[in-house]
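Heads up: the sequence lines are chains P and R, in that order.
With this note's numbering as the guide, the letters of the first sequence map in order to residues 1 to 269.
With this note's numbering as the guide, the letters of the second sequence map in order to residues 1 to 269.
Hints were generated in silico from the structure; no laboratory data involved.
Careful: at least some of the hints might be erroneous.
If several chains are the same, the list does not tell them apart, and a pair holds so long as it fits within one copy or across any two.
Listed below are the simulated SDA-like cross-link pairs for lysine to any residue, each with C-alpha atoms no more than 20 Å apart in a straight line [said to hold, decoys possible]:
1. Lys242 - Ala158
2. Lys215 - Gln253
3. Lys206 - Pro183
4. Lys206 - Gly192
5. Lys206 - Ala186
6. Lys215 - Asp37
7. Lys206 - Arg194
8. Lys215 - Tyr201
9. Lys242 - Gln253
10. Lys215 - Pro36
11. Lys215 - Pro183
Note that the structure is predicted; figures quoted are calculated from it, not measured.
2 protein chains.
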Amino acid sequence: MNQTSYVHGYSVREAVRLSDQASTLSELLHYDTCYPDGSRVLECGCGTGAQTVHLAADSPRARIVSMDLSSDSLAQAQAKVHGAGHRNVTFQLADVFHLPFAERSFDHVFVCFLLEHLAEPLRALRALKSVLRPGGSITVIEGDHGSWYCHPQTAEAARTVQCLIAIQARLGGNALIGRQLFPLLAEAGFDGVRVSPRMVYVDDSKPELVEGFSKNTFIAMVQGVRVQALTLGLMDAASWDKGIADMLRAAEQGGTFCYTFFKGAGVRP
Amino acid sequence: MNQTSYVHGYSVREAVRLSDQASTLSELLHYDTCYPDGSRVLECGCGTGAQTVHLAADSPRARIVSMDLSSDSLAQAQAKVHGAGHRNVTFQLADVFHLPFAERSFDHVFVCFLLEHLAEPLRALRALKSVLRPGGSITVIEGDHGSWYCHPQTAEAARTVQCLIAIQARLGGNALIGRQLFPLLAEAGFDGVRVSPRMVYVDDSKPELVEGFSKNTFIAMVQGVRVQALTLGLMDAASWDKGIADMLRAAEQGGTFCYTFFKGAGVRP
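Working from the sequences, and respecting the hints, build out all of it.
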């Protein structure tokens, strides 16, 4: 992945979306990640720091290095993390395929929403394994857009999500990578691999998730590729707009909304 | 639903499939259902008793009435439950739309894999509410075939599942009902409705689920509608067989398999 091919773009709206996502889903995704005091942790692909603030808060005395290949994102991440009062993170401009770290220099590696954007996720995992000490752990969190469905569901709504999946694939990514974490981590040579799904289920009893996930995270993300979808001729404007309206309907009273993240972990032998 | 329109048929293989499903998934689906000693419980649509054995075991001193509209199924259920040594269940031939019980005669109602087969699930829920005492609870467990996906996934595999959904719809059922439990229970007039998804995620680390769920429950269920799918012209034989082979591939090493059940509960005001 290079900077310009990142499917979600680098807009302010996208930064807000990532932040909404993290704030709403942080417990679901991060509650079981806490690194020991003094441990050396590499966060690869921190983006604008939406997850970094949780990582830093949940492991307050770990020594975290957060890297990204976008200097703009990195500056936002630094401002966000420092603004939240965390002093346990340093930031480094770096590419996962050219890691500027010595072999075996980290106790733990943390990756969240990165592999989905890479054409070679397996090579990335192997590169990350090389900077991990034997016995050190890797944790990977990824979504899977094929896991989405809602009620009421329509063909147009489903097609807008298929557009997002197709556009991410054209950019060399894989929006269905969540379900593949287990075989990827195993093939990369990690031991003791385990994967747990983190399903987000939203109904009327969960108004925070209706706003924080259904509308401001998922639907906003799909809406973000409208121009590409229409330009590529994947859908016509009327069908697209109906699909988005249908998804918004599922976020209203009586609707339900489902999506699953996957969290995988393994150990370097 | 009448007996002949039950999508899965009444074959021995189907009875085994239901039993495999229950034995493998029983903890996931039933661990949080336990009725007090002496409470009067109605299980509506017990079929061949695949879930009844768990219900009876988990609430050993509840007074359970299990009903079904198939006398053959009911006989199998009785043999299964009595064979397992449970004496807390009585069996009754009955139709949910003509319940032979007095109003308010049960403390709890339990429904598992029934609503998906009904053309009028809302009417069924209202009928069940009428035999429940005020303050009594209803528990409903249903699947949602639209929640299925796997890795590696192919278009043909997805189409076989779409065939099952379409055939169930032609029989008046709704294979996507899991995601609709919350609005259905709310509309039926139950209070305090809550729904929790029960996702089955299968990878190489879970060989029991590969056999017990992926192969012997889900793929077997899809295979069960092959003749109907081909007869109706929904798929050609070659595509169908490739789809099934592809799903079986996802149950081999390196594959993953996902499906979500929904468990809902509410209270009669």
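Right, here's what the structure says about each hint:
1. Lys242 - Ala158: Intra 11 Å, inter 24 Å, cutoff 20 Å: intra-copy only.
2. Lys215 - Gln253: Answer is within: at 13 Å inside a copy they meet the 20 Å cutoff, but 37 Å across does not.
3. Lys206 - Pro183: between (33 Å within a copy, 13 Å between copies)
4. Lys206 - Gly192: For Lys206 and Gly192, only the inter-copy Cα distance (13 Å) is at most 20 Å; the intra-copy one is 35 Å.
5. Lys206 - Ala186: Between copies, since 14 Å is at most 20 Å while 36 Å is not.
6. Lys215 - Asp37: Neither: 37 Å inside a copy, 45 Å across copies.
7. Lys206 - Arg194: between (29 Å within a copy, 10 Å between copies)
8. Lys215 - Tyr201: Within. Shortest intra-copy distance 13 Å satisfies the 20 Å Cα cut-off; inter-copy 26 Å does not.
9. Lys242 - Gln253: This pair counts as within: shortest intra-copy Cα distance 18 Å, inter-copy 41 Å.
10. Lys215 - Pro36: Neither. Shortest intra-copy (36 Å) and inter-copy (41 Å) distances fail the 20 Å Cα cut-off.
11. Lys215 - Pro183: between (32 Å within a copy, 19 Å between copies)
Hint compliance for this structure: hints 6 and 10 are not met, and every other hint is.
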